[in-house]
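Work out the full structure: start from the sequences and follow the hints.
Residue numbers (the numbering used here), protein chains in the order written: chain A, 9 to 125; chain B, 144 to 254.
Calculated from the structure, these hints are not laboratory results.
One or more of the hints may lead you astray.
To be verified - Taking CB as the label site, the calculated pair distances span:
| hint | chain 1 | residue 1 | chain 2 | residue 2 | range |
| --- | --- | --- | --- | --- | --- |
| 1 | B | K200 | A | L47 | 27 to 33 Å |
| 2 | B | K219 | A | R24 | 27 to 33 Å |
| 3 | A | R17 | B | K224 | 19 to 25 Å |
A virtual CB, placed ideally from N, CA and C, is assigned to each residue, including glycine.
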Amino acid sequence: EAGVAQSPRYKIIEKRQSVAFWCNPISGHATLYWYQQILGQGPKLLIQFQNNGVVDDSQLPKDRFSAERLKGVDSTLKIQPAKLEDSAVYLCASSLVSGTGQGYEQYFGPGTRLTVT
Amino acid sequence: GQNIDQPTEMTATEGAIVQINCTYQTSGFNGLFWYQQHAGEAPTFLSYNVLDGLEEKGRFSSFLSRSKGYSYLLLKELQMKDSASYLCAVRRRGGSYIPTFGRGTSLIVHP
Chain A
9 EAGVAQSPRY
19 KIIEKRQSVA
29 FWCNPISGHA
39 TLYWYQQILG
49 QGPKLLIQFQ
59 NNGVVDDSQL
69 PKDRFSAERL
79 KGVDSTLKIQ
89 PAKLEDSAVY
99 LCASSLVSGT
109 GQGYEQYFGP
119 GTRLTVT
Chain B
144 GQNIDQPTEM
154 TATEGAIVQI
164 NCTYQTSGFN
174 GLFWYQQHAG
184 EAPTFLSYNV
194 LDGLEEKGRF
204 SSFLSRSKGY
214 SYLLLKELQM
224 KDSASYLCAV
234 RRRGGSYIPT
244 FGRGTSLIVH
254 P
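Rendered as structure tokens:
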């Protein structure tokens, strides 16, 4: 079974530029998560999708970040314009379900390391 | 709000046992995860506890006390490859089931 795919793996941009990240979850996984992980910290949830609907985006800086999950499969996360403090690893994860029962554990992709200069 | 607390760093000797603690305060608690993250890699799932008690899985065990807001991850027969960050994550119900991660505990295993 293929894992969670993300691209690009690395990205360097200047502040005020825009950037987009792509994620393809494990086939059949209904729930998709985007996290931001700053060096030395745990992952911070930015947005959670259930199929193509948003479950939680309370920590997404909506003035500059946007995300979509068209057709309930692939997802993209965009930052426009980027700031220096956006330098982090952006992790995508998926799980079968988000409720009780089996399938609640998350499978993470390799992440995209973003450096904003 | 939520608060998850873990020690920042721990060191242990190869072959020994180490216990990594996690305390949390949250409303709508619905389970606690432990993930392992090697440097430069993505987190990988270790365990999930929703009921009080100890769950054993090979060299790793995880314990939960819901009344105390406390969990620990126990690693036995430590190996060098166990050097990694261990992330405690709490799942709460807020419309749906939303995970929140702690800062992680960096475990260094030395010979």
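Tested hints:
no. : hint                         : in the structure
1   : K200(B) - L47(A): 27 to 33 Å : holds, 29 Å
2   : K219(B) - R24(A): 27 to 33 Å : violated, 51 Å
3   : R17(A) - K224(B): 19 to 25 Å : holds, 23 Å
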